[in-house]
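Which chain is which? The protein sequence lines are A and L, in order. Read left to right, the first sequence gives residues 1 to 412 (the numbering used here). Read left to right, the second sequence gives residues 413 to 736 (the numbering used here).
I should point out that these hints are in silico values taken from the structure, not numbers from a laboratory. Do not rely on the hints blindly, as some may be mistaken.
Derived CB-CB ranges, DEER-like [said to hold, decoys possible]:
no. : chain 1 : residue 1 : chain 2 : residue 2 : range
1   : A       : ASP261    : L       : TYR568    : 51 to 61 Å
2   : A       : ASP70     : L       : ARG523    : 43 to 53 Å
3   : L       : ALA729    : A       : LYS86     : 25 to 35 Å
4   : A       : ASP261    : L       : HIS727    : 50 to 60 Å
5   : L       : GLN625    : A       : GLU349    : 51 to 61 Å
6   : L       : GLY646    : A       : LEU352    : 56 to 66 Å
7   : L       : SER509    : A       : THR302    : 57 to 67 Å
8   : A       : ARG371    : L       : PRO628    : 41 to 51 Å
9   : A       : SER342    : L       : ARG564    : 51 to 61 Å
10  : L       : GLU525    : A       : GLU17     : 48 to 58 Å
11  : A       : HIS351    : L       : GLU525    : 52 to 62 Å
In silico negatives: residues of chain A with every beta carbon more than 12 Å from chain L [to be verified]:
no. : residue
12  : GLU177
13  : ASP289
14  : GLU341
15  : ALA375
Even for Gly, the Cβ is constructed at its ideal location relative to N, Cα and C.
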Amino acid sequence: MAEDNREPLAGAGALREALWALLPPTKEELVPELGEKVELGMARLLQEATELFCGGRRSECLQASEAILDYSWEKLNTGPWRDVHKDWRRVYAFGCLLKAVCLCDEPGNAPAVAEALKVCDMGLLMGAAIHGDILIKVAAILQAHLPSGKRPGPARQQPGTKKARNDGVPVPDVASERPVPRLRCPSLQHFRKQFLAPGRPVILEGVVDQWPCMTKWSLEYIQEVAGCRTVPVEVGSRYTDEEWSQTLMTVNEFISKYIRDESRDVGYLAQHQLFDQIPELKRDISIPDYCCLGDGEEDEITINAWFGPRGTVSPLHQDPQQNFLVQVIGRKYIRLYSPQESEALYPHETHLLHNTSQVDVENPDLERFPRFAEAPFLSCVLSPGEVLFIPVQYWHYVRALDLSFSVSFWWS
Amino acid sequence: MAEERRGSWFGFGFCGFGQALGSGRGRQVHSPEPLETPGPGADVCRVSASWSYTAIVTRGGQVQLSGAAGGAAGGCRDAWASEALLVVLRAGPAVGSRPELQAWAPGSALRGEPLWTHTLVSEAEREDAAGGEPQARALPLLPGARAYVSPRPPFYRPLAPELRARRLELGGEHALLLDEAGQVFSWGQGRHGQLGHGTLEAAPEPRLLEALQGLPMAEVAAGGWHSVCVSETGDIYVWGWNESGQLALPTRSLAEDGKTISREAGWPSEGDSDVRTVGSEDGAPAPFIAIQPFPALLDLPWGAEAAQASCGSRHTAVVTKTCT
């Protein structure tokens, strides 16, 4: 697919050809097929933009695609995300497609290629698949055509130059806490009977030893494969803080700002479906066999990346699906509370945060939350190669003890 | 968008749909140009702009659509345009018959049958509708102030009479109501602080803006996710989403685009805002405000007093008493 092409912009004509080869051949096939949710005005604009595109009127097409993005972006921000109609996300993705290809139409304009890649990523992050996931293919081609100065390469700094952040909290004394049981490659039946059915956590060892990520992944590799891709980053100690926010940046920017540099702020590339965005990384992982014990289809499993420096915290919370948390790089301290203890965990009352506890697990305010002290829990330090099974609705708290990369699988 | 100016109409903004604005040249009209639809000398009394088309009503009762939707019809007293629905208030077909509210699909060009109709039956409604023009109570507020029209079902929404609504404005996900006493009420979604009650919670029923009590308001306006009101003394209050700078408060997106942020747009004088501190180039922290959940008072340049305010999805325009 993407050649490792070291020639600087001589390939500009090749870029254009490669992009156009991906597109549907006729105007009629290029216009996205949409339902009634997309109103008259937008339907007309989409037709017009496609005509401008096919007619080679690049700067007018760019203007029209900006208008498409502007309006559909507003639809994406109206109501809760789950209620946003998929057609509007397709419109947004289509606007990104036109804009990205138009941006690259100027031969020899290097910054335009980087910007086009960002636009593709916005389409992937916020939009919905169109034309057979064309944005993923466009992104791969753009990435291959970035001039060598901008292409993600092995980092020049040594990993050791990252400054250790002193967060003042020592490594927890896990030995004094009740441990999560561990099993080496249990059979499907054993796992189902002893852990899945009764909803009991367990650490599975030996299950992901053969996954390529265990040997391939490093900061350098991640930068090489994904460095210039745009990803969502959470900034702030924890998502229950007032100062917490989400922002977008490239993986290179994230690594340089929050992992290599000493930064007062904690940045966390958290809960992001990175492997949908970057298929090359998806090839380094697999799906735990035990997921077949569930009712759902394999393609309904949500795979999230969790990548961040030492000290990232996920406050105590519960999720509506079963979870396999695969630890690839670094270690995490994890505490687990049964759903039966929910009252002693004082969940927030607002609808938005009702699945999150108000208690700061490693520094609880026992005056406000007295029952928390008595709530029983299991804990562990999850290390590379280990998989933690978190049963549905089981409360869990996670703190990274090192630079960490985990992959979670939400399944039913 | 279009603004009223002593009997002549001007317009500017995005005209990618060929909405009639003066020259009709190009897609974007950067400075106000005279409105020449429906024709020179037409006495326009109401303009309602949606994204892809505009509805223009003349004192003679003609409504004309311009842009992605076309068409015209007579016997019309008021119109309200949205992408999903065009609502018109028509006089009854015969003399003395009841006025009718009609909702049309914008693409219908006002031909065929409307999607639904509602006859104004109560005395209060009919008196209001029959009264002098232009309508004091404009759509989406219905004459009689007992109900309003929504582009999403249910389309006809009653209002408690105790509210004594004078004006009603619809935002993307919320509604603002100005009552006879100058009090402001809000309801709907609150995720972006657009309700002004200090939280991000939704409000299912009209709720009084307590922060503005004692300050009689003269005008209200609602944008996509923000709200503006103008007091009788010409002060402007803003609240809601500021991601594009629509509240004239410092915003990250404009700072990164290199645009200067007007220092005359003062700081919020009250209320708890969602402030994030971000380092700028020279290392000095510059607080940006993404969401303003309480009304904030704005200072206009040169101490000007506001007469009227209007909101687009993500921008705000203010007309001052000295007409700038």
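Okay, the hints, checked on the actual structure:
A C-beta distance of roughly 58 Å is found between ASP261 (chain A) and TYR568 (chain L), which places it inside the suggested range of 51 to 61 Å. The hint said 43 to 53 Å for the Cβ distance between ASP70 (chain A) and ARG523 (chain L), and at roughly 31 Å that hint is violated. A beta carbon spacing of about 34 Å between ALA729 (chain L) and LYS86 (chain A) agrees with the range 25 to 35 Å that was offered as a hint. One distance hint, 50 to 60 Å for the beta-carbon pair ASP261 (chain A) and HIS727 (chain L), is violated here, with the actual separation near 37 Å.
As the Cβ distance of GLN625 (chain L) to GLU349 (chain A) is approximately 27 Å, the hint placing it in 51 to 61 Å is violated. The beta-carbon spacing between GLY646 (chain L) and LEU352 (chain A), approximately 38 Å, falls outside the hinted interval of 56 to 66 Å. For SER509 (chain L) paired with THR302 (chain A), a C-beta distance near 59 Å keeps the hint of 57 to 67 Å intact. Range check, ARG371 (chain A) to PRO628 (chain L): about 50 Å between beta-carbon atoms, so the 41 to 51 Å window is met.
For SER342 (chain A) and ARG564 (chain L), the hinted distance range of 51 to 61 Å is not satisfied, since their beta carbons lie about 36 Å from each other. Taking 48 to 58 Å as the suggested C-beta distance range, the pair GLU525 (chain L) and GLU17 (chain A) conforms, at roughly 52 Å. A hinted range of 52 to 62 Å is violated for the C-beta pair HIS351 (chain A) and GLU525 (chain L), which are about 41 Å apart. Interface exclusion of GLU177 (chain A) from chain L stands, the closest Cβ pair being 36 Å apart, more than 12 Å.
Every CB of chain L is more than 12 Å from the CB of ASP289 (chain A) (nearest about 41 Å), matching its label as outside the interface. No Cβ of chain L approaches the Cβ of GLU341 (chain A) within 12 Å, the least distance being about 28 Å, so the stated non-interface status holds. Residue placement check: ALA375 (chain A) keeps its beta carbon more than 12 Å from all beta carbons of chain L (closest about 29 Å).
In this structure, the hints that do not hold are numbers 2, 4, 5, 6, 9, 11, in rising order.
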